[in-house]
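Engineer: Sequence:
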Amino acid sequence: DSLNRIPLSQEDYAWERNRTQLTLTKKVDLNVLFPPDTSTAESKKTKSPGPPKKGPALILTKGSIVSIEMDTAQSFNLPISYIKKESTAAIEINVQTKEDFIVQVSTRSGTIVDERKNQKIFVFENLPPDTYQVRMIIDINKNGRWDPGDFRTKTEPEPIIYYRNAKGSKETPVRANWHLNPLLITY
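Each residue of the sequence shown is one higher than the one before, starting from 1 at the first, in my numbering.
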């Protein structure tokens with residue numbers, strides 16, 4: 001029944017490398033999306049029950065996204081899921097290197113959940129409880145991605161350093177409402 005416009009800055013979204021997937025990561029106070037109910041108990045009794053309230057949604061109308069060939073996308077009405085901080089975990093990272101680098105956090109299966117480039121101290125936030133691996137790619141050619149070696153040009157692959165815990169394992173388990181203090185990665 002109501003519309004709240006929430007502006008996005010460049011830090012609130014990221015394109016996948018091939019620009020085929022857009023990820024929005026805007027943090028919004030839930031009171032903005034779901035204002036507290038200020039009606040009195042008496043007025044609630046007299047109101048007739050209406051249709052169930054829908055949750056927040058990202059609405060993109062036809063023509064709001066235009067491709068380089070001037071094609072427009074269909075209209076979309078995508079539900080927005082919100083994450084409660086208590087149900088997630090955070091991993092703080094401290095990097096010590098003089099090289100350009102990319103730090104990635106991935107699941108056991110290798111799916112990259114998040115990554116940061118050339119930030120020495122930061123926190124991976126809103127991680128679902130799971131077991132993760134944290135790795136640092138030394139970006140020798142400064143192109144923002146890992147490059148494999150090339151036999152023909154005798155180029156070595158860019159180094160990858162995995163964070164290992166005190167037991168030597170690459171796996172870092174986290175649970176809901178956990179905040180792991182700085183994991184130190186050096187190169």
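Each hint should be verified, as a subset may be incorrect.
To be verified - Label pairs and their computed distance ranges (CB to CB):
id, residue 1, residue 2, range
1, E115, P173, 16 to 22 Å
2, Q119, S169, 20 to 26 Å
3, V123, Y13, 14 to 20 Å
4, W178, I68, 23 to 29 Å
5, V123, P159, 40 to 46 Å
6, F151, V66, 38 to 44 Å
7, G63, N18, 19 to 25 Å
8, D150, K27, 37 to 43 Å
9, S67, F151, 33 to 39 Å
10, R152, Y82, 34 to 40 Å
Derived by calculation from the structure, the hints in this document are not laboratory data. Note that beta-carbon positions come from the ideal geometry of N, C-alpha and C, so glycine has one too.
Engineer: Taking the hints in turn, state whether each one holds.
Structural biologist: Taking the hints in turn, this is what the structure says about them:
1. For the pair E115 and P173, the supplied restraint of 16 to 22 Å holds, since their beta-carbon distance comes to about 20 Å.
2. Range check, Q119 to S169: about 25 Å between beta-carbon atoms, so the 20 to 26 Å window is met.
3. The supplied range of 14 to 20 Å is met by V123 and Y13, whose beta-carbon atoms lie about 19 Å from each other.
4. Between W178 and I68 the beta carbon distance is about 43 Å. The supplied range of 23 to 29 Å is therefore violated.
5. One distance hint, 40 to 46 Å for the beta-carbon pair V123 and P159, is violated here, with the actual separation near 24 Å.
6. Under the hint 38 to 44 Å, the C-beta atoms of F151 and V66, about 42 Å apart, fit the expected range.
7. The supplied range of 19 to 25 Å is met by G63 and N18, whose beta-carbon atoms lie about 23 Å from each other.
8. At about 41 Å, the CB distance of D150 to K27 agrees with the hint of 37 to 43 Å.
9. Distance hint check: the CB atoms of S67 and F151 are about 37 Å apart, consistent with the given range 33 to 39 Å.
10. Against the hinted window of 34 to 40 Å, the Cβ-Cβ separation of R152 and Y82 comes to about 50 Å, which falls outside the hint.
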